[in-house]
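Novice: Protein chains in written order, with full-length UniProt numbering: chain Z, 1 to 328; chain Y, 1 to 328.
Keep in mind the hints are simulated off the structure, nothing from the lab.
Don't be surprised by glycine CBs; every beta carbon is placed ideally from N, CA and C.
Watch out, some of these pointers could steer you wrong.
What the hints assert, rightly or not - Part of the chain Z face toward chain Y, derived, beta carbon under 7 Å: (1) A34; (2) A124; (3) S132; (4) R251.
Here's the letter readout for the chains.
Protein chains: 2
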Amino acid sequence: MAAGEFDIIRSLFAPLAAEKGAFALDDDAALLPAAEYVATKDMMIAGVHFRPDDPLDLVARKLLRVNLSDLAAKGARPVGYFLACAWPKTATRAQIARFAQGLAADQAQFRIALYGGDTTKHRAAGAPLTLSLTAFGAPARMGMIARKGAQIGDDIYVTGTIGDAGLGLAALEKRETFAKPARDYLVGRYRLPEPRLVMGGALAGHASAAIDVSDGLIADAGHIAAVGGVGIEIEAERLPLSPAAKDWLERQPAREEALARLAGFGDDYEILFAAPPNRRRSIDMAGKVSKTAVARIGQVVKGAGARLIGADGDEIPVESPGFDHFAG
Amino acid sequence: MAAGEFDIIRSLFAPLAAEKGAFALDDDAALLPAAEYVATKDMMIAGVHFRPDDPLDLVARKLLRVNLSDLAAKGARPVGYFLACAWPKTATRAQIARFAQGLAADQAQFRIALYGGDTTKHRAAGAPLTLSLTAFGAPARMGMIARKGAQIGDDIYVTGTIGDAGLGLAALEKRETFAKPARDYLVGRYRLPEPRLVMGGALAGHASAAIDVSDGLIADAGHIAAVGGVGIEIEAERLPLSPAAKDWLERQPAREEALARLAGFGDDYEILFAAPPNRRRSIDMAGKVSKTAVARIGQVVKGAGARLIGADGDEIPVESPGFDHFAG
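Modelling step: build the complete structure from the supplied sequences, incorporating the hints.
Specialist: See below:
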């Protein structure tokens, strides 16, 4: 491979750089315009957070979107990002170019720009593509929606549909089979999440606490519960499901177990949030204005932890409560 | 290993978090106080940027310092950082704790705090510790010192001494041998660079362009030359050398070749900068006030690229002009 690091930065990444402040990636640092910022950093590793054979333009877009999803759940409007890539020893210029194309597509869609970063290469054979992205944005005028703040008596809501990404991953890993259009939809939900940015902005000032669903619905509800010192109950029959997920659910022998699996899957990148009951109309309005489906699925209660509740009022055990990279 | 991801974050990293804005690392995002920021991101990979057997507290401190050094060269005062770690499959809690101890030590020294990040683990056997840090700081009142801006006729300066880190690495890799005190000094310079923060702040308003020496003196001078559309000449006999490096130089059969090696080594993390001749007194003063040695080593000239010039006025070829991760 003849392409050098500086050529790769100049030809593939410099075109993605912010017009002001990023210095065409010719500097070691960027100058961010004076403002208050919300910032977040998420890492993705081949073989851990995505499949090594996932198309690299989609990997790039997912990396951006999981970070934008964090900003969305905080009610913030994204502005830009810093990117660090450690490529495998065997990476080719064409692969890096495809990755940069994915970034370019999503930059245009979300009106953000690259501010700086670092591009390097592993020396160890077999060391996987390792990506780290720091995204920053402007908080809503009403302020940042924190993870902490859910009050007893609040409603619990979630945007979009739940469980699709987990089913998409199961399809890719051949643990589940789906007919063609459903399969494409579910795999698409796994590979290319939709950060709920407009909805997040509309929730600022209404939501008492919020998080994006990355570890799994019940696991992430558990995070809100833990930092808020409250309990959360989610009604299994109220989970918003896509047609493809409903179809799958109908085919399962044990309905409650299947609902628990959907509530355990991660990677949906929907916004899970709490809001006082007197905000129900505002929440509906926020959903309509942002053209985002939103479902009221539970309540904040006394106690601790998050529980999935069946139609009979009993708790349904949910396995894999979040993805713990250090467990076991 | 029983320690889970959340426990590791809570017990090892949360104590490092900023009092305000980092939400005790309980949130996906941080809120940065309203200001103008200079930001930088550098990645470090075991086996590429540090030796796999380097003590992990020193690895952590070097990771912080290479980023602080970028801020120093921009004249910025560091405020905080985001950190992403992908640990090898086999990492133990004790190793991560030692890493966190290193961060704590340097946070205290440089008065900065952790604002957020991501802690995860590789699944692939042999995948190395991969670290990415995004540091941000406040620009000096006189503004950020850019890499671009060197003018023909400017003087070229460098802080501290040059070549020590490269000799330290050579000692660790048993390519060179040194007597005990010199060896410790040189290895220390490789493992624990000193970001020239006070000097950097004092240079704002005086330096026309600056960079920190990470790729190598000549390579980094080449970066300043390239973005400035100028040439840079550095006089080999003016390179500031430590007693240990002088000693080594005396022992080399070919003096010019040896000087070229020192000018080719990376990892010194000194500030290399340009300033107009009418600022000589201000530069001297900045060095005195910040207790930082500073040497005038060359000139900005017409042309392109950076050259090392011998006592006879001829160019001395410098090998390994910077570390290109994607070369060859």
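Novice: For each hint, tell me whether it holds in the structure or not.
Specialist: Hints, one by one, checked against the model:
Against a cut-off of 7 Å between C-beta atoms, the interface hint on A34/Z holds, since the closest Cβ of chain Y lies about 4 Å away. Given the 7 Å rule on beta carbons, the hint for A124/Z holds: about 5 Å separates it from the nearest Cβ of chain Y. A hinted interface residue such as S132/Z counts as satisfied when its beta carbon comes closer than 7 Å to some beta carbon of chain Y; here the least separation is about 4 Å, so the hint holds. For R251/Z, the suggested interface contact is broken, since its CB lies about 31 Å from the closest CB of chain Y, more than 7 Å.
Violated hint: 4 only; the structure is consistent with all others.
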